[in-house]
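A.B. asks: The residues making up each chain are set out below.
There are 4 protein chains.
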Amino acid sequence: MINIDPRSSQPIYEQIIFQIKENIMKGIMMPGDQLPSIRKLSSMILANPNTISKAYQELERTGVTETIRGKGTFIREDYKIGADDEKMEEIREVLKNIIVEMHYMGLSKEEMNKELEKIYDELEGE
Amino acid sequence: MINIDPRSSQPIYEQIIFQIKENIMKGIMMPGDQLPSIRKLSSMILANPNTISKAYQELERTGVTETIRGKGTFIREDYKIGADDEKMEEIREVLKNIIVEMHYMGLSKEEMNKELEKIYDELEGE
Amino acid sequence: MINIDPRSSQPIYEQIIFQIKENIMKGIMMPGDQLPSIRKLSSMILANPNTISKAYQELERTGVTETIRGKGTFIREDYKIGADDEKMEEIREVLKNIIVEMHYMGLSKEEMNKELEKIYDELEGE
Amino acid sequence: MINIDPRSSQPIYEQIIFQIKENIMKGIMMPGDQLPSIRKLSSMILANPNTISKAYQELERTGVTETIRGKGTFIREDYKIGADDEKMEEIREVLKNIIVEMHYMGLSKEEMNKELEKIYDELEGE
DNA sequence: GTGGTCTAGACCACC
DNA sequence: GTGGTCTAGACCACG
Numbered sequence: 048m049i050n051i052d053p054r055s056s057q058p059i060y061e062q063i064i065f066q067i068k069e070n071i072m073k074g075i076m077m078p079g080d081q082l083p084s085i086r087k088l089s090s091m092i093l094a095n096p097n098t099i100s101k102a103y104q105e106l107e108r109t110g111v112t113e114t115i116r117g118k119g120t121f122i123r124e125d126y127k128i129g130a131d132d133e134k135m136e137e138i139r140e141v142l143k144n145i146i147v148e149m150h151y152m153g154l155s156k157e158e159m160n161k162e163l164e165k166i167y168d169e170l171e172g173e
Numbered sequence: 048m049i050n051i052d053p054r055s056s057q058p059i060y061e062q063i064i065f066q067i068k069e070n071i072m073k074g075i076m077m078p079g080d081q082l083p084s085i086r087k088l089s090s091m092i093l094a095n096p097n098t099i100s101k102a103y104q105e106l107e108r109t110g111v112t113e114t115i116r117g118k119g120t121f122i123r124e125d126y127k128i129g130a131d132d133e134k135m136e137e138i139r140e141v142l143k144n145i146i147v148e149m150h151y152m153g154l155s156k157e158e159m160n161k162e163l164e165k166i167y168d169e170l171e172g173e
Numbered sequence: 048m049i050n051i052d053p054r055s056s057q058p059i060y061e062q063i064i065f066q067i068k069e070n071i072m073k074g075i076m077m078p079g080d081q082l083p084s085i086r087k088l089s090s091m092i093l094a095n096p097n098t099i100s101k102a103y104q105e106l107e108r109t110g111v112t113e114t115i116r117g118k119g120t121f122i123r124e125d126y127k128i129g130a131d132d133e134k135m136e137e138i139r140e141v142l143k144n145i146i147v148e149m150h151y152m153g154l155s156k157e158e159m160n161k162e163l164e165k166i167y168d169e170l171e172g173e
Numbered sequence: 048m049i050n051i052d053p054r055s056s057q058p059i060y061e062q063i064i065f066q067i068k069e070n071i072m073k074g075i076m077m078p079g080d081q082l083p084s085i086r087k088l089s090s091m092i093l094a095n096p097n098t099i100s101k102a103y104q105e106l107e108r109t110g111v112t113e114t115i116r117g118k119g120t121f122i123r124e125d126y127k128i129g130a131d132d133e134k135m136e137e138i139r140e141v142l143k144n145i146i147v148e149m150h151y152m153g154l155s156k157e158e159m160n161k162e163l164e165k166i167y168d169e170l171e172g173e
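Line by line, the protein sequences are chains A, B, C and D. Each number in the numbering used here comes from the position in the first sequence (counting from 1) with 47 added on. Each number in the numbering used here comes from the position in the second sequence (counting from 1) with 47 added on. Each number in the numbering used here comes from the position in the third sequence (counting from 1) with 47 added on. Each number in the numbering used here comes from the position in the fourth sequence (counting from 1) with 47 added on.
Read the hints as simulated data drawn from the structure, not as lab findings. Among these hints, one or two may not hold up.
Where chains are identical, the list cannot tell them apart; a pair therefore holds if satisfied intra-copy or between any two copies.
[What the hints assert, rightly or not] Below, a list of computed lysine to any residue pairs in the SDA-like style, where the Cα atoms sit at most 25 angstroms apart: (1) K143 - Q66; (2) K87 - E171; (3) K101 - I85; (4) K156 - R116; (5) K143 - G119; (6) K165 - I115.
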């Protein structure tokens, strides 16, 4: 369920965070589900436990998961956060970057929308 | 024309690269135009000349600009490159990340498309 | 394995790039091998870490090496890229220059071919 | 007869030197022929007279041309120099670089020899 | 004037 | 430990 590419320029801990969010969006992980323990995930993806720990801390900090003492880490029932203006602004910045890059690749607005829909459906459709 | 946020996690040289591409897309900079000299831009945005140089070299390497010895750096007449499969795959990865993040913020597919169009029009419309 | 001539007109970072490619061709460095760390090579050849870094980044950009976060820089398993028309044209230009220079030194076509074979065998033969 | 590419990374003065040597090799320019005056060449190729001057000085220094006071600059009758060990070593270095690059493009020794012969014949054949 | 290279030395993120 | 980014300031080649 979690695939890490150590060659990627995206930090491993971010890859973990993102893939957990992706799994939630795809319905593979559901609210209430337990995440693998740090040790277990660490041996599964051959990563340093500190790296997993950092990812889990970040997930908890942003309200995706919650940790229950002695039980483990779980997807929160109310994992979806509302509009966070600051975060939304960040996302818009990245989106702007991406749009400029796609424009530079020769894509029209319509083609960009198609790309977005295609990726969205791949995520939601499962 | 170029605004740098030194507190951003995005490296300064990348901000420069991106903003120059953005300016080209907006029509603020045109093929044939000369970029500010390294020293001039360096004093304009209060960054080190080496940092500007790195950005300019990357722009040249990716075919956006060309350097004429002793004259300066210019937007290439044929600055737009075609589709590059590897690059496109990278872009899709980032777009996927963004979509998951937007989904997490509670946006529907339609809202995402609207967001994309809004940003696109801000870029193209000027 | 890497010898730098600081008095050469060829930039140090280019000498590094070239010698690593040379070492690969000679079989001294093999796909999968780790390059010396920036700091280590820096102290070995008495050059600034930034200079090494520039060479390593160029090697990565051209597909000779890959960087694994926190681990180091490695020769790629699939390091050899195919023909690139633009690059080949550049090479022909330089070769033309060299031929004119050799002609100017009084070498015949046959002597040039012998020269080429001699150097080639020194590279391949080890 | 002389074509300058101001975009090239090769300095303009070197392009001039090389093209004059190329013209001699091709038989377009012959020993005894007069080179265009600095002013004339300067306006022909739209380059700074200082640049032309630098090229002419270098040509004279290396024994390709000679200047006759009040008359102009001429191709020397004995323009071909004998073996200069230092220069030959330099040439070998560049040739080695080129061979590594061609190897990296996937060319065999035979293909390299063919390339060399092809370029040589283009130069000599005219 | 232009850009290109290099050093010295610092700070950071990641693993 | 690894590489990535940045600053400060120097020197050089080129036109």
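A.B. asks: Go through the copies and call it for K143 and G119: within, between, both or neither, with a Cα cutoff of 25 angstroms.
C.D. replies: neither (38 angstroms within a copy, 28 angstroms between copies)
A.B. asks: With identical chains, the pair K101 and I85 could be close in the same copy or across copies; at 25 angstroms between alpha carbons, which is it: within, between, both, or neither?
C.D. replies: Both: 10 angstroms inside a chain and 19 angstroms across chains, each within 25 angstroms.
A.B. asks: When no copy is named, should K143 and Q66 be tagged within, between, both, or neither for a Cα gap of at most 25 angstroms?
C.D. replies: both (23 angstroms within a copy, 10 angstroms between copies)
A.B. asks: How would you label the pair K156, R116 (within, between, both, or neither) given a Cα cut-off of 25 angstroms?
C.D. replies: The answer is neither: 49 angstroms in one copy and 34 angstroms across copies each exceed 25 angstroms.
A.B. asks: When Cα atoms must be at most 25 angstroms apart, do K87 and E171 count as within-copy, between-copy, both, or neither?
C.D. replies: For K87 and E171, the Cα distance exceeds 25 angstroms both inside one copy (28 angstroms) and across copies (47 angstroms).
A.B. asks: For K165 and I115, with the copy left unspecified, which applies at a CA distance of at most 25 angstroms: within, between, both, or neither?
C.D. replies: Classified as neither: same-chain Cα gap 37 angstroms, cross-chain 31 angstroms, threshold 25 angstroms.
The earlier numbered hints that this structure contradicts are 2, 4, 5, 6.
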